[in-house]
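**Q** Quick mapping for you: the protein sequence lines, in order, are chains X and P.
Note that this note's numbering numbers the first sequence so that position 213 is 213, with each residue one more than the last.
Note that this note's numbering numbers the second sequence so that position 42 is 299, with each residue one more than the last.
Do not take every clue at face value.
[What the hints assert, rightly or not] Cβ-to-Cβ under 7 Å is the rule here; a few derived chain P residues that face chain X:
1. Asn312
2. Ala478
3. Trp481
4. Ala488
5. Ser498
6. Ala502
7. Ala538
8. Phe541
9. Leu542
10. Pro545
Because the hints were derived from the structure by calculation, they are not lab data.
Glycine included, every Cβ here is placed at the ideal spot set by N, Cα and C.
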Amino acid sequence: MKIAAHDLGWAARGRPIVEGITLEVASGETLGLIGPNGSGKSTLLKLFAGIAARARGTVSLDGTALSRMNRRDIARRIAFVEQQAQTAEALSVRDAVELGRTPWLSPLAPFGAQDAAICAEALARVGMADMATRSWTTLSGGERQRVHIARALAQRPQVMLLDEPTNHLDIHHQLSLLRLVSDLPVTVVIALHDLNQALGCDRLAVLEGGRLAALGPPREVLSADRLARIFRVGARTLTDPTDGVTQFRFHCLEDQP
Amino acid sequence: MKRPATPVALAAHVALRAMAGVAVLALAVLTGVILGETPLPWSTVWAALANNLWNAGLPVDPIDQGIIWAYRVPRTLVAAGCGAGLALAGVVLQALVRNALSDPYLLGVSAGASTGAVAVTIMGVGAGAIGISGGAFLGAALAFGLVAALARAAGGGPAQMVLAGIAGSQLFNALTSFFIAKSANAEQARGIMFWLLGNLSGVRWPDVTLALPVAVAGFLACLWHARALDAFSFGSDAASSLGIAVRRVQIVLIGAVTLMTATMVSLVGSIGFVGLVIPHAARFLVGPRHGRLIPAAALTGAVFLIAADVVSRMLIPGQVVPIGVVTALVGAPGFALILIRGRVRG
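Excised from the complex, chain X in its bound form (with noise of 0.2 Å):
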């Protein structure tokens, strides 16, 4: 599934936030959003998933405008993994998961044994399959994010939106998700911030001052120039030799060798 963005923009308190951001993510992609903090890209994703209020733009499904689809449909589509999201209510890992469900209930269409299948499989894609009955309460941080994950999946949505999904993962964990993620058939928009992983992705958005300030593949949006002037690091490439693959070495700009 198709998602567009035409001319987005979302100010606090009469700052702007994200300004004139237009871009398409084709179906299948994967679409990773970098940028340093505070550079809007968590207010890109909550615009994408049409929750923000007070928002300038219109973001369109194939060609739909969110605004003219009601809340349900759209997150039979979407999918969004908010960093952070917590909860003071003693739930259950499967509590937790079996809500990806609700888009696809109703009073009148209660949750049934294939509902209990697809959380069922959601948990078990990341990895958490045996931890069903364990309170949120006790998790870790990697833990809770894994469960937001297997949420997400268990709305069988057809686009993704992570807002920093590998934080609070251990090194493992990071891996398996960013493998799960680009296996999955679906759209994927993802915020990262290690820059290693992001060049895993089919194309880079770099968002400065809440503007795009490149859009393409990741090799070209990550010029040594650019990552100098919005990251602030210098950086160079190496290449491990079992396989050819690069990846970056940062250093401060300060100590330039």
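Knowing the structure of chain X, use the given hints to seat chain P on it.
**A** Frame of chain X; chain P shown alone:
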């Protein structure tokens, strides 16, 4: 908890639980009718109920019959409706505001309802056109609107909502006292103070026809939105991205809460602690999922208030203790217990 595998098993499971709930409620009502200041034997109670329900024509002393049918039955039914309504209001507010301390009392809804009811009763606001319940509803809606607006202006978090609620309660309680001081004579003032502490002494059949439909309608509205309330667990943004029409759900449920609170306050005065403690007790029993929590809270609230009413009638012989005093006497230690067990996280 294991879930029944097939739709038929699920329906049977739900029906069984519903019947058990109704049975417990009926038992509680019966107990509330049997117990009272005047000890009446089982047989008399049974005969009086049978005479009124299906014209059994059994011989009963007309005074006993009057005590049971005109006094105890409506009183117990209204207690059940109020307990259920206030507990549901607490469940909904705690879910929507995402604060374990939310209840109609703390958020100023009860105080607003009291102010509205007092304004109508002793100041003649509305010139007889809106009635006490109408005045209570307007007062409750106004109070909640003010509290919500203040919380929003203060940043809109769960803590801000509770702080704004405290400010709102203080304001409306002061307004109530002001109205009483300004317009009521000594006799009226005493009566109103007694009513404000919660009192079911004046309850008669017409009150039942208001309390029960409101409680049942509120229960159904809450149960219909059980899944939406679950979706608020991770906040309103998360609810929205799960497909909940957040604004519409908030308006419908806050409307239901306001209606339930205003009705109950206008009938029996402002009863604290039910809306706060009962939801936590019910959560303790059946967990946080609203599909189970809502029926459990309604039932627990109804049974609790029937019991509190019985105690209020029997605690001091020959004198009725305000029911608000009883609920607080039980509620405060109960709440302390919940706090200590770490069930309340703010």
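**Q** Checking each numbered hint in turn, tell me which of them this model violates, lowest number first.
**A** 1, 2, 7, 8, 9
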